Every structure is written in structure tokens, then in C-alpha cells.
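Respectively, the protein sequence lines represent chains U, R, S and P.
With the numbering used here applied, the first sequence corresponds to residues -17 to 239, in that order.
With the numbering used here applied, the second sequence corresponds to residues 632 to 926, in that order.
With the numbering used here applied, the third sequence corresponds to residues 18 to 409, in that order.
With the numbering used here applied, the fourth sequence corresponds to residues 119 to 437, in that order.
Hints are supplied without guarantee of correctness; some may be wrong.
[Unchecked claim] In the EDC-like style, the derived pairs of lysine to aspartate or glutamate whose C-alpha atoms are separated by at most 20 Å in a straight line are:
#1 Lys333/S / Glu318/S
#2 Lys96/S / Asp400/S
#3 Lys293/P / Asp63/U
#4 Lys390/P / Asp63/U
#5 Lys128/U / Asp391/P
#6 Lys202/P / Glu84/U
#7 Lys760/R / Glu281/S
#8 Lys173/P / Asp200/S
#9 Lys893/R / Glu250/S
#10 Lys255/S / Glu682/R
#11 Lys716/R / Glu64/U
#12 Lys333/S / Asp317/S
#13 Lys23/U / Glu228/U
#14 Lys893/R / Asp200/S
#15 Lys403/S / Glu634/R
#16 Lys390/P / Asp132/U
#17 Lys330/S / Glu93/S
#18 Lys196/S / Glu325/S
#19 Lys202/P / Glu263/P
#20 Lys254/S / Glu682/R
If you're looking for bench data, these hints aren't it; they were derived computationally from the structure.
This one's a predicted model, so the numbers in the text were calculated from it and none came from an experiment.
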Amino acid sequence: MSRSQNDSADPRMIFEADDVAVHFGGVKAVDGLTFGLPEGKIIGILGPNGSGKSTLVGAITRHVPLTRGTLKFLGKDYAGDEPHLVPHRGIARTFQTVRLLEERNVLENVLLGTDSLTAGGRAARRLGQERAEQAMARTGCDHLAKVRPDELSYGNRRRVEIARAIAMEPKLLLLDEPTAGMGRAEKEEISTLMLSLRAEGLTQLIVEHDVQMMVDTCDSLLAMNFGKLIVEGEPREVVRNPAVQEAYLGKQAVKHA
Amino acid sequence: MQELLNTLTLGSIYLLFALGMALAWSTIGILNFAHGAIFVFSAFSAHIISEHVALSMPVLILISVLVGAAMSALTQWLAFEQILKRSTNHRSAEMRVLIGGIGVAAIPIAIVDKATASAPFGFANSTYKTEVYESMGLRMTNTSLIVIITGVGIAVALTLWLRASRRGLGLRAIGVDSETASLMGVNRTAMALGTMAIAGGLAGLAGALQVFQLQAMGVATGDQLLIKAFAMIVLGGLGSMAGVIFGAFALAGAETLIFAAKLGTWVDAVSFGLIFLVLLVRPQGIFGRQEVRRT
Amino acid sequence: MGVPVQRRRLLKMTAALAGMAMLAACGGGTGAAAQNAGGEGGIASNIKLMGVYDTTGPVAYAGVGASKGMKLAMEEIEKQAFLGPDVKLTLDEVDTAGAIERASSEVSRAIADSEVKAIFGPVSGQQAATVAPIVEQAGVPTIFNQAGSEGVVIGDFTFRGTAPMYSYYDIAAKYLADKGLTDVAVIYNGTFPTFAEIGQKEFPRLAGEHGLTVSSSYAVQSNTQDFTAQAQEIAAKKPDAVVLLLIAPQAVTALTQLGQAGYEGQTVGSSVQAAGNVAQAGEHAAGLVYPVDFSAAQDDETAVKFVEEFTKKYGKAPDQYAAEGYDSMWWLARAIKASGDSSRAGIQKGLQKVAAEGFEGVMGDLTFEGNDLRVKGVLVQWDGSKERLATE
Amino acid sequence: MMAWYTANAVVVQATMTTLLLALSIQLPLRVGVFSFAGVGCFGIGGYTAAILYTKFDVDTWPAVALGTLLAGGLCYLLGLIIHKLSGLYLGMATIAFSLIVAVAATNGGSLTGGASGIFGALGGITNLHVLLLLALVVAGLAISEYGRFGRMIDTVREDPELAAALGINVGRYRKLTFLASGLIGGLAGAVTTLLRSTITPAEVNFHMVVVALTVIIIGGSSSWLGALIGAIVITWLPTVLSFVADWESIIYGFLVALAAIFLPGGVLGLAKDLIHRWRARRRPTPPAPPASEAEKIPGGEPSSPATERSLASTQGGTS
């Protein structure tokens, strides 16, 4: 229930959550979160496994029913939306485990990002194709266009998924552990990509376990535990916060940070 | 009161048939559409042997159980295991297991059909004699008694066993999540084979007892029960043995009542209509657990 | 005994009259057939026939039985040189294996083959009803066995060599009336067309005619397997007789459960219980009577001779299907002889001509309603191990 | 050729009607809806057409149209009620629906002809008509298989949650599927009935579900082309196998089981896989990896081809 006022420094919140709670029976996966996402920033969510991060992402995309609370995007309350309406508002996401159509090649998987958001017709088809090709180029999977996902490395599967989300040309991009299972070099590529997207004004919310990457990439961090927001603010400060260290990081990681 | 007794007997027959199917479905995720054929063929095997030697009830049941177990394990090994090995996702595997079962079922059924020239078969040559008990205006045969006790006994025992034993835990884990199960050190393949053998044994038991109870079996009997069993399991809620027990007696009760109301040709409509309504109110069946959704 | 014989003759006459009336009504064109017994086409030396029915699958017993009967008849026809010394009948058989499309496809193929002069059609009701319009349109005379549903005998070219069960079920009603068993309960399979027809309509009508009362009637489905409830209710009400119109396994169970419920009255079945299909019910089936169009236990000369020949050829006694096939083949042979013409049209005219007159077959005096066979039927009793004629 | 056609016209016809029935079951499966309502709709379409044709003197085509529309409408209503049920629960509900249709037909008195069904409903439909109708249906389905529409339907089936996250209205797809499946099933029923001239309650049975599923599994569930292959195999197999007579149903069972085991994507899937492999071989080399990809992540090696992967080794997939 901790309402924080310190976001008010930012001029415009693209997204606002007010007292959002998601309970599964007796399990309070998310329990009264209030926060906002400033436009054009990268915000990270930290928290141990089971702290409710992914449930929160699910709540934002309206896949998970809310127990209470309101969600606003671009100033409009959309908590009552069906999940499929959320992308039409300009919110795109990736998943913790990569979700691709195994029977379709990479290009088609990326095109899927544009399919329901563009109208039919030849012009729209060409537009979708362009958007998909751009997205693939940015994520570095353009040379894989005709390959099927089951022939790809894990890192490349991640790229395809991010490309699909970018092709949706969202105003808010939710990344659920986008670098899980990637090597250092690949993680840096993702970081670079996120920063270049930010430069274009895309707001991003990222859930990650790699603290170093979060500190390097994010403009601010939210730390969660037991479904509640414990600290939020400038990444380095958040990471140093004793409550966060106790809940999540452990002594060793603190040294590393 | 007599109606209750009749429901109990009919329900126990349904239950015995459905138990094996439910066990395999809710633990190792195999919806075996050859279950009905195994049921018929096991009873038929016992019938063939009984034509040559006059055997007692336990021996006939044993033959039927063994044949059922062997057929079911063989089906699992030669067909279902192979299908799972070659499947990439659950939906297509589920579907192909279903079709594979239908294909496998055609074989024993064709053999029985040919051998009996579609005439009903039974254990007329057995040493077992049906006796009728009568007390307080209620009638019951010793066969009904055996059917009820076996049906309910095995159902309860199976439920408890699944709940309690480590093996049961392993099995349930397969049903819920095969990866966790393999982490727990459960050998999936062997376990699946064992489960299918038990399920087949139950089909054999059900087959033999049904022949004793109803005196005869037709070659189409297995198919007719298959759909009913499918309905009972879904009605009770997949994954719950208690649900199967409930489903079997609920369907038997409904059928008995419909017959009592002289609506004999409406039986399927009423009972399946009820199942339809139940699913609308409780989409996961009466005893089914609500899926906990996690993202 | 006197009365029944007279009655039989009367029936036969009326039936024959009705047949002729229908024939006349069917259009003047066919009248010509009656005169030219000499035949314009003559009898070919090789007459090809096509048999399209189930010889595998769930109703294979009917197709196989009929086939055996027909083959025996063909042998005899040839041996007797019934159609002349050099005339040979050949029968090509194809299995429909329970598939409607296969039946119509094979029939179409037979139609396309101009060598095929007549067809013996499917034994399954729906297969038969599907091919009936096809053969009608093509003008190929087709004789069906079994296939007791409506829509099979629909015109000049469709014939049926099996009397519908309801048409001779009256002997069961009469038997009950003669024995004074007037209070009757009925259990019938309402999803099985033949039984639905008798259970819902024909038996109540026959009961009325013979002064019986249907005190209770229970409809069940083909997938009903347990009859405890019905058996107990019947045992409690103690009607004089119970009529069971059930498929084979159902009848065994119902008879057993009636016995277990303590019912001791007369049980009446149907021809489905023939061929030892109630053997599994053991003592509970003893005393069951049922009307059939043919029983190997029949004692008239023609039947005894047929049973003898059949047993010599196949090693076991003929069933009703064999008898129907046998009589159907003879019907065809008589038809060819009667019209003196083995062309499709000739056979068609011949079949109608023979039908109008009726003839004596192994099923007794055969009469026809139009192109549809009628027999008197015999009532047989299952004594627990074998069939014998039911004595009145 | 002409002689061949004359002799086999009915089998050709049966192939087409079987295909229609299979398509009415395949479409929902392709959208991830385990619906067997197509069989019930076959009954509704068939009975409606037959009743109109024989009892109300309606002409062939209006009778077919009304049967089709009624089946489609009722199936859509069914879909509105049950589209949220999952997996085999929905399957059970739709089987219940189909069986209820059969019972209603059995008890429909003189209107439906009771247990004996309706006879003499021989409409004026030719093979050419059936072919044209089939072409129409297939054209519609083909559109739903290619391009963006096809991709979206695949997503709705494979991963409804993903589909929603991509902005696809999953519920609407599922509901419309019921409508389309009902229309196709109804058309199949009406056409088949007026071709055969008969329909009985015994036909509207689980057996029909089995036939449709067998067609789909043998041919391939991903495309109408698969259903066509399956329909051809299933309709012609008995003709081919008839020489084995008594062994026919046993061999049939074996073939179906073998197809289920060894052809995950049916005959069509096998063909597609072969084509894909052939093309992959013709590609100069596997695409050159960029510099970063040289650094492989642990456990991230490419997985083996789909056909050899087993369920146990898949990650995710279902959740």
C-alpha cells in the first residue's frame, strides 16, 4: 500500500498502476502495487523468484485477472480490457519462455507482430513486411528470415521474439527476462538495442535477474518482494538498499554491484 | 430403495470400466480409446478358454485380467510410447494417441467379431452359479454384490494409493508435470508401462465381471461404454479418482431415473444433456481442480 | 388345425390378389409381360448375377448366410437343368463391409456392366435404401434380403426376399392369445428400427386384434446393457408374458435378469434370438418362444430336404438367412423361366409374375405384397439347448 | 478415363462428402478448438434438408441451403455457450451435443421418421454440384490458411495467450469457428443425405467422429489438403483392400495406428518435411552466423529436427 510520490518529478507518465493486486486463491502474487512508468525511459523490475514480477507483467497485459486496482495507459483506464485489446493500445511484450510458432519461419513469426495491428490489403501487407524486416535488422536476425525456429540457437530465438514485439511498433515494451540464458556478448547486444530504442522514445519495462545489466541499462528500478513494492528509484541506490539486498541479492552480489 | 441398489450395481459396472481409463488418463495423460476393445477381448479370451474347460469365477477373472494387462501394456509400448516419442506438443500427441487407440482397437474387435459371428458370448460353461438373495423386499444377486464390492473397493483403494504412496506421488507428478516427475527420479517409461498394465488389468476385470453380471457381452459393448466412461471422467473432473466414482454413480443414477420415468429412448439425451449443463457451471468437472494460472 | 390352414389359404389368396392389383396399378406397360412367356430375348446360356452385401463386419452373418443359401440353390438349379441344360448362373460377390458408399458404388459398377442381369442387394437397411433409387433408375432388377426398412422396395425393379418381421409377428400374438396369456409386458429397443416399429406400432395393434392387453411397455436404447430395473418391475407386476424386442446381447441379459428377479411367466423374443443367440442365458432362456421365417426344426418336406442338403454341403444346419437366400435365388430362377427372358427387363417381369402367383419355398408358402415377400412364419421354442417347433 | 469415372462415380462422390465432413471437424482443430459438433451439424443439416425435401416439397437447393444455415446457426449458438471450455472438456460437450441431436432424431416421431430415419430424399444433386460446393468451401478454408490470416489462426491454436498478446481476438476466432464448422458440417449432411436419399439416427454417431478424425490424422491436420489426402485414402483404401476380405478391418486398424505413430503431420506433413529438407539442402550453406553468434550459450545448441524430438525434451510448449 506504499504510495510513492517521487515520480512526480517526471513530466508525463505513459503508464500508471494504482493499488494493483492479483490474488490466486490465498496466494497474493501481487498485492497492492502503485507505480508509474515515465515516457521514454527504461524501468527495470528486480525481485527474487516468485516475488510476483511475471504476474505483474501478466496483469499489465490483462492476461491475469485483477483482484483490485486500476491500470492507466496514456491516461486511460484499461483495466477492463480483454487481453487482445491491450496490444492495440500500444503495449507489446515478450515472454519468460520464448513463444514462437515452430512450424513457421522467422520472417513469418516476426510478421505476426504486425498481422492483427494492420488492416488487410496490399498496401498494409507491404507496410507490415517493411516493419518486420526493419525489426529483424535491428535485432540482428534478418539473415535468418527463412529458417524455422527449431533450427535456431536459444539466443536467436530470443532475438526473434524481441523483433516480433518491435514490429508491433508499441509505445510501451514489456521485456520478461529478455537475456535469460544468453552469453555476456549477446546480453550487451540486447542492452544496446534497448538503449537505441529508448533514444527513439520507446518506454520499456524489463524484468531481469542480471543485476549488472539492469544497472547499466535502466533509468530506474522497482524492487519487489512478496508481491509488494519495497524500493524504487535510481538503479545504483536501489541495488544498495539493505532491504533489497536482504530480499534478493545476497552479500556476494552486492559486492559485485 | 431397490432403485438405489440397482443404481449401485449399474454404477459399479460403469465404475470398473472407467477406473482403468481414468487412471491412465489422469496420471500419464493417455486417453486410451482401445480400452473398450481390451475390455471386450479380455472377456472374450476367458470365454474361449471356458468353452473348453469348466472354470471357476476367480480363474476366469484372472485370465481376463492378465490378458487385459498384457494387451494394454503392449499397446502402450508399441503404440502410445512411440507416438509420444515422435510428438512435439501436447495437443497433437493427445490427438494421435486417441487415433492410435482407435486404430489398435479395430484389431481385437475384428477378431472377436469374426470368431463369434457377432453373437453374444458369455461364461455359460463356468462353474460359477448366480444366486439370488432376498431380504426386506430387496433382491440382489451374489454377482451384483461382488461387482459392487469390487468396484467400490478398487476405486477407493486406488484413490488412497494414489494419494499416499510414493509411487502414487510419482504418477501424479507425471500427470501434472512430466519434467518435475523425472526430476523426482521417476522413470517415466517404466511407470507408464506399469500404469497401462494396471489400467488394462482393470479393463479385464471389468470385462469378466460384466459378463458374470449381465450373462453376455456383445462385440459392440466396449465402444458403448467408452463414450460413457469418457463422459463420467469428464463429469467427475479429470485427475480426480473421487470424481470418477462420482461420475459413474451419477450417470447410473440418472439412467435409472430416466428409465423409471419411462423415457427409455431419451437416456442419452438426458444424461449427456446433464453433463453438458454441469460443464457449463463447472468447466473443470465436479471434482476437478481449478487450474492455477501462472505466467 | 383346420382353421389355420383355411386361414392360410385365405391370406395367400388375398395377398396374391393384392399383389396382382398392385401390378396392374403399376402401369399398363408391364401387362405385356404376362403374355409373352416365350420371351423376346430368350434365356442366355450364361446369366451373370452380382451380389453386393456385407460379408465382413457387424452384419456379416446375414450376408454370409444368404450367400450360402443362394449358392446351394444355384447348384440345384443347374443340376436340375431347371432353366435348360446349358444355362449357367454365375454369382459375383463383393463385400460392402458396412459402408453405404461402397454399397452404392459397387451397385453402380454392376449397373454399368451390361453383362450383369440382376443384383442381390445389401442386407443392411440403410445400404439397401441408398441403392434402391439407383437400381430403380437404371432398371436393374434387384432382390434384397433382410434390409427390413422402408424405402427399399420402392418401384418395379426392387424386390425383397425377406418378409419383414412385423408381418409374421402375429403368430406370436396368436400363440399368447391361444394360451390365454393376455396380460403382456413389452421391452423394446427403440433405437433399432425393426424393433421400434413392432414395439411402438405393430405389437400394440396385434395385441388389440388378439385380445391381449399391453400392460406395460419399456423402451430402451441399443447401448442399454442392464435391465435389472425393468426386470424387477415386471417381476413385481407378474404379467402373463413378456415380449422382448432386443438385440442379441441385450436379450440374454434381459432374460437372465428376469429370471433372477423371479419372473416365471412366458417370454417371447424375435428371430434375433435364433441361431443359438440366447444360449448364454442358459436355463433362463428355456421356454422362450419366438417367431421366425424359417427354422431348421421345421418338419415339412421341403424344409427337411433343404436342411439335409445344406448340412451336407456346409456341415451345419441352415439359419434363416440361408433360407432367405435360397428362396430368393429360386425366385429369380422361376422368374427367368416364367418370362423366358434373361435380360434385365425380362427378369424384372418374371419376378413380378412369380410374385403375383406366389410359390412354395423352404420358408413355406411364399406370397407377396407387390414385390415384397410375405411368409406365415413359424413359432419356435428354445428349450435351453436347441430350437424346436412351439406346440400350441 | 471416362469409363473409369463412370465405374467409380460413387466413390468419387463419397470422397467429396467425406472430405466435407472431415473439414467441418478439421477447421475447429486448426483453431485449437476440440469441437466435434460438426457431426451433430451433419445430422441437423441432413435431417433438415431431408424433411424439407420429402415432407414440405422444398426443392433440392433451398433445402440444402436451409439445412446448412440452420446447422451453422445452431452451432454458433452452441459456440457462444461453450467456447470458453478447455480441451477435451469442450470435446465432451460437443459430443454430448451430437448425441443429443441423434436422440432427438430418434424421438422425432413422424417428422424425423424415428429410428428408421427418412427415406426417399433423393435430390437432384450431381457430382459436379458437389465438386463446385467443395471448391467453394476449400477456397474459403485456403484463404484462412495462407498469409496473415493463416498465421493468426496458427497462433490462436498453438498459443492462445500469445495470440492475445499480439492483439488477436481469440474468443471471436473460437466463436466464428463454431459458425464455420457448423455451416460446413450442415452442408456435408444436407448434400450427403440428398445424394444417398436416406438418413438415420444411427449415422449421427461417435463413429462419424472417428471417421473424421482418422481422415485428418492420416492426411494431416494443418491444411485442407491434408484432409483431402486423408479422405482419398480412407475412401479408397477399402476398395484397394477388398482382396484381403476377412483381414480388411485388421489391416485397416494397423494402418491407422501406424499413421498415428509415424506420421505426426500426416501424409501432408511428411511431404512438407521432405520438401523443406530438400530445400534446406539446396541452400548453399546454413546461413552465416554473425560474429556474436560464434559465442554459443550453454545448453543453447540447435535442437534436432521436429520429427525426432520427444515430448519429454520440449521446453515450455504448454503452460
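Cross-check of the supplied hints:
With a C-alpha separation of about 19 Å, the suggested pair Lys333/S and Glu318/S falls inside the 20 Å cut-off, and the hint holds. Using a Cα cut-off of 20 Å, the hinted pair Lys96/S and Asp400/S is violated, with the two alpha carbons roughly 38 Å apart. Taking the CA atoms of Lys293/P and Asp63/U, the gap is near 19 Å; set against the 20 Å cutoff, the hint holds. Proposed proximity of Lys390/P and Asp63/U is contradicted: the alpha carbons are some 40 Å apart, above 20 Å.
For the hint pairing Lys128/U with Asp391/P, the CA-to-CA distance comes to about 14 Å; that is within 20 Å, so the pair holds. A hinted pair counts as satisfied when its Cα atoms are at most 20 Å apart, and Lys202/P with Glu84/U does not qualify at roughly 25 Å. As the CA atoms of Lys760/R and Glu281/S are separated by approximately 19 Å, the hinted pair is consistent with the 20 Å bound. The hinted pair formed by Lys173/P and Asp200/S fails the criterion: a straight-line CA distance of about 38 Å is larger than 20 Å.
With a C-alpha separation of about 12 Å, the suggested pair Lys893/R and Glu250/S falls inside the 20 Å cut-off, and the hint holds. Using a Cα cut-off of 20 Å, the hinted pair Lys255/S and Glu682/R is violated, with the two alpha carbons roughly 35 Å apart. For a cut-off of 20 Å, the pair hint linking Lys716/R to Glu64/U is broken: about 37 Å separates their Cα positions. Restraint check: the Cα-Cα separation between Lys333/S and Asp317/S comes to about 19 Å, which is no more than 20 Å; the hinted pair holds.
Pair hint Lys23/U plus Glu228/U does not hold up; C-alpha atoms about 27 Å apart against a cutoff of 20 Å. Note on Lys893/R and Asp200/S: the hinted pairing holds, with a Cα-Cα distance of about 19 Å set against a maximum of 20 Å. Among the hinted pairs, Lys403/S with Glu634/R is inconsistent with the structure: their alpha-carbon atoms are about 35 Å apart, more than 20 Å. For the hint linking Lys390/P to Asp132/U, the alpha-carbon distance of about 15 Å falls within 20 Å, and the restraint holds.
The hinted pair formed by Lys330/S and Glu93/S meets the criterion: a straight-line CA distance of about 12 Å does not exceed 20 Å. As the CA atoms of Lys196/S and Glu325/S are separated by approximately 33 Å, the hinted pair breaks the 20 Å bound. Only pairs whose Cα atoms come within 20 Å are accepted, and Lys202/P paired with Glu263/P is rejected, the gap being roughly 23 Å. A C-alpha spacing of about 37 Å is found between Lys254/S and Glu682/R, which places the hinted pair above 20 Å, so the restraint is violated.
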